[in-house]
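Novice: Single-letter residue listing:
There are 2 protein chains.
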Amino acid sequence: MAQPIADRRDVDFVLHEQIGTVDHELFEQFNKKTVNLIVSEARKLAIKEILPTFKDGDEIGCTLENGKVTTPQSFKRAWKLFCEGEWLAMCDDPEVGGQGMPKTVGCAALEYMVGANSAFMLYYGMTHGASKLVEAFGNETQKKLYMKKMFAGQWGGTMLLTEPEAGSDVGALTTAATLNDDGTYTIQGTKIFISAGEHDLCDNIIHPVLARIEGAPAGTRGISLFLVPKYLVNEDGSLGEFNNVVCTGLEEKMGIHGNATCTLALGDKGPCIGTLLGEENKGMSAMFQMMNESRAFVGVQGFAVASAAYMNALDYARTRVQGRHLTAGKDATAKNVTIINHPDVKRQLLNMKVYTEGMRSLHYYYAKCEDIVHTTDDEALKANTAALIEVLTPIVKGYITDKALEVCSHGVQVYGGYGYCKEFPAEQLMRDSRIFMIYEGTNGIQAMDLLGRKLSMNNGQSFVYFLDQIRKTIIEAQKIEGLEVLFEKVELALDRYDVVAYEIGARARSEKVLNAYAFAHPFLEITGDIVFAWMHLWRACVAAPKLAEKVGSLDPEAVAAKVGKNKEAAFYAGVMASARFFINTLLPGSYGKMDAILEGDSSVEDILDVSFGSK
Amino acid sequence: MAQPIADRRDVDFVLHEQIGTVDHELFEQFNKKTVNLIVSEARKLAIKEILPTFKDGDEIGCTLENGKVTTPQSFKRAWKLFCEGEWLAMCDDPEVGGQGMPKTVGCAALEYMVGANSAFMLYYGMTHGASKLVEAFGNETQKKLYMKKMFAGQWGGTMLLTEPEAGSDVGALTTAATLNDDGTYTIQGTKIFISAGEHDLCDNIIHPVLARIEGAPAGTRGISLFLVPKYLVNEDGSLGEFNNVVCTGLEEKMGIHGNATCTLALGDKGPCIGTLLGEENKGMSAMFQMMNESRAFVGVQGFAVASAAYMNALDYARTRVQGRHLTAGKDATAKNVTIINHPDVKRQLLNMKVYTEGMRSLHYYYAKCEDIVHTTDDEALKANTAALIEVLTPIVKGYITDKALEVCSHGVQVYGGYGYCKEFPAEQLMRDSRIFMIYEGTNGIQAMDLLGRKLSMNNGQSFVYFLDQIRKTIIEAQKIEGLEVLFEKVELALDRYDVVAYEIGARARSEKVLNAYAFAHPFLEITGDIVFAWMHLWRACVAAPKLAEKVGSLDPEAVAAKVGKNKEAAFYAGVMASARFFINTLLPGSYGKMDAILEGDSSVEDILDVSFGSK
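Line order of the protein sequences matches chains A and B.
As numbered in full-length UniProt numbering, the first sequence has no gaps in its residue numbers, which increase by one up to the final residue, 615.
As numbered in full-length UniProt numbering, the second sequence has no gaps in its residue numbers, which increase by one up to the final residue, 615.
These aren't lab readings, by the way, just hints derived from the structure by calculation.
Heads up, some of the hints might be wrong.
[Unchecked claim] The calculated EDC-like cross-link candidates involving lysine to aspartate or glutamate, where the alpha carbons are at most 16 Å apart (straight line), are: (1) A:148 to A:93; (2) B:335 to A:169; (3) A:149 to A:214; (4) A:335 to B:165; (5) B:562 to A:609; (6) B:565 to A:609; (7) A:330 to B:165.
[Claimed, not checked] Interface residues of chain A toward chain B, partial, derived using beta-carbon atoms under 7 Å: (8) 9; (9) 26; (10) 27; (11) 420; (12) 584; (13) 585.
[Said to hold, decoys possible] Far from chain A, by Cβ distances over 12 Å, these chain B residues were calculated: (14) 23; (15) 234; (16) 236; (17) 321; (18) 357; (19) 584.
Where is the CB? At the ideal position from N, CA and C, for every residue including glycine.
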């Protein structure tokens, strides 16, 4: 197998034909040829260097001894090459050591790398997120001392939010910061679930830490952000003493064993010194500014792992011979066929295909929105697009990671009994994927964010802008021959969705607020369904004319008969099949969910704790 | 926590109030008091002896050395006590050493034991299934030598079907049986994925083996069944020589590590002798007679593990304090609440509750059907009920295990980050549950069985009988005050379902057969939805009058206000909440799926292999 991570043809389709890259002088040097070269290089690194760490991460995992965490040996080489290739800051400003790529292109590179080993790439995700925090909020000294080394991956980064009694409820945290005479702070507290909290891939680790300055207000309004290095950094940038950030435990987890999930004790065995990052008591708002990026990265993890699950299952289904074709009947001479020929296996593969493609299109679109915000001079467009990103974030994080687990589970099922065994990657991909629904804000939190904040932000105008983008694609589809049935169905669903969104939004502001939030997750689900229908309709808009040109028809049977060995025609036929399958077969399931939200059954609010049962 | 496996009040409700036990002289001694005693004893054994093996099974697992498999130490004591309590043959004929309990009661006992450790109880499941094979097809010698010891758990049992090139396609197997002069057979071949294939819990293991006698017809028509002991058995019942059934490998799996999944080489290192069980070339039909039982057992595994996931999550949600109540708004004095008070957590718990309860009711109903078949003199009822069991089997196995994974996944989510860690049982329950969708016929096979065999068996009359049972409950519900909305919705859904079943059945017999089978799994899903709606309506029929009597109203708000400390009222209110939630909020999702089946989009048939993508 050449590589089991992503379908390069579909990557190119989304990158060059559907979503496209932003045309701006900042991206001048990234013409199609260069972009393709970059994607190929990322793919090569992913296959040759990162993929071989996948099993090591799971089987060897991370070990803790005397406060030091050791990652698998193969991780070191992969990390070194990843950093040497300057991938860590591929989309960042050249001034901070970045390569200034469009985010869409970065998306393609990440897709391969994360799909090769999501636990390994979490070291990247944490480091990049922390680097951006220093870039956005650091003072000159902090930037000078930390930033470039972090963007280069020489030093790692993390994010220290969660405490034993403060998980989703960040405002409850108790880690204390005490001002010292020299303007630094002494930090004391315990943080848990710290991804990449301690490891041996980097010379130093820089921890952004949420803590409370003595006397600060209660709740989230009294939280400040600090930069706390593992080793203190001298003025000349050299490493000083150990700063008493002690890893006291590693979580034993269902998956992503290759990433160290640490309990960190700060300042228990000696002074732990940090410097204020940004303003006092503004820690939460700083965090929120980074949140879109980190949530989108978790979405990329879900997507890339789902894509890998699909490619592996497809490969297996194409080679595994078992059973005769359903239509063979009693013909004793009929030969056994590859299992991709069995309708139920095919249905599962098509399911995996449509979700993977929907995820890909949405991610690249999201990335393009970021590029637009970064480059446009049109203030209205910039503001609208920035808001659109916020609206899309819970879908990118919540819906995609929910569906990623489903795709990975299908991936196990396609293999039959082998899918449950460690001999094939399917079961690890599924175990790894289960965390994506939880970290960076559980999907319940994402659903509340969509309903409680995104639906009503800017007086609902941002949500209207979001729906308008979908309508634009519907109008586009109306002009294209052969998409009649599809666009009508998406339009009907969108009209219905519009009613539901309005109704649940009103409910959330009424005395029925508890009822509204009981349906927050179903609302996230139908929103995701609509967005994926949009993405598939959009893909069909691009593919339909090209397919018609190549085979002279869009009729599925005629197409199947004429595709022959024309790989391009086969590809576009696949895009059309996905759109049809999603819109005709999966989207209808949304209607019932929409009805249920409108009906708003009160069982969730009404049921008493005691009625849930007893032992 | 007293026990985290099953809700005893709901067990009693299903056992005594909803489904009830069969009234027959064979079950005379099992009055309510005795039944409750049995359930309590099973519960005690499950909690005190089996539950402590749960983690051992996962962490220590099974090890293979020199062909011998060692199970965790704690398994030995649990197995010994399980066998001493005569639980293995609890529902079997006293003549074979059984206790002759009704299956409904056995269902309750199993629920606790399997929920405590499904991997451990798989040793029971395999042994019991093999014992029944000997009982049904053994000659006098085989019965005398093997049967009682197997039913007593002194000797274990297995089932040797699968081979490397013959998984779901059993007919392709190649294990060879050669007749010896003394009437025995020499067996040679390799079997894989053998649950409980080799272990140290029993003195001997008796393997029913599917093999092909030299010269037998190709395919399933040439397969015979043999009894192959691990150690040969002398005429006096004592153990003879090792019979060359060699465990050459253990599968490394995602879960159920406590059960040894073996590769067994038969006759590679010396003669391996078996005796024919039943008739030559009738091995498959013998297997099929056992299949309902083994598939139902996998359904019990799914159900019991889901129930355990629910009880654990409920316990956690009731004790874990985090965040303020949604309605606390900006009230700074509002205290944090237990997470069961957060609408999204409550929604997830209610989801887990309704599926667990639906599974429980369906399982006990299925068991009661078995009791009816076993005891009734009414030939028509016997035949109809036997057929109903066959119709229900793919739902009990396929739908329940699909939903069990979902319930277990919710179970992880309720814990947040802790759910992903091994500190709590949630993640293991989810990993364990993933196999249930695969073994004993993948759920794709179950879906094909429902569509291809069960829908049309006895010219469709058995399916009509099945639908009639649902209609009976609807008619019953019409007579009960307060169920108007619920029964109308179930009736509407059933009418719609009826149309879909007829249409997809006709399609399966037409030239559109591939299209029909592409929708086999969605058809299984909607069938399961309808069955669960039925079960919940039935439960409501029982609970509504009792609740009305206790609190004078069925209005959810009024009920919530009046329940107070009345535990019984709280329980019935919970039954009603489940019914409302399932029928009002989850069942509508089925409509869209039904529409999609009727529309019958052709993408799955049309898409070419090459259009699935490339690397």
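Novice: Decide, hint by hint, whether the structure agrees.
Specialist: Hint by hint, here is what the structure shows:
1. A:148 to A:93: It holds: about 11 Å lies between the C-alpha atoms, which stays within 16 Å.
2. B:335 to A:169: 12 Å, holds
3. A:149 to A:214: 31 Å, violated
4. A:335 to B:165: 14 Å, holds
5. B:562 to A:609: Holds: residue 562 (chain B) and residue 609 (chain A) sit about 14 Å apart, inside 16 Å.
6. B:565 to A:609: Satisfied, since the Cα-Cα distance of roughly 12 Å is no more than 16 Å.
7. A:330 to B:165: Outside the cut-off at roughly 21 Å; violated.
8. 9: Since the shortest Cβ distance to chain B is 6 Å, the answer is holds.
9. 26: 32 Å, violated
10. 27: 28 Å, violated
11. 420: Where the cut-off is 7 Å and the nearest Cβ of chain B is about 5 Å from residue 420 (chain A), the hint holds.
12. 584: Given a least distance of 4 Å, the restraint on residue 584 (chain A) holds.
13. 585: Holds, about 5 Å.
14. 23: 29 Å, holds
15. 234: 36 Å, holds
16. 236: With a cut-off of 12 Å, residue 236 (chain B) remains clear of chain A, as the shortest Cβ separation is near 39 Å.
17. 321: Given a closest Cβ separation of 8 Å, the condition is violated.
18. 357: Violated: least Cβ distance 9 Å, not greater than 12 Å.
19. 584: 4 Å, violated
In summary, the numbered hints that this structure violates are 3, 7, 9, 10, 17, 18 and 19.
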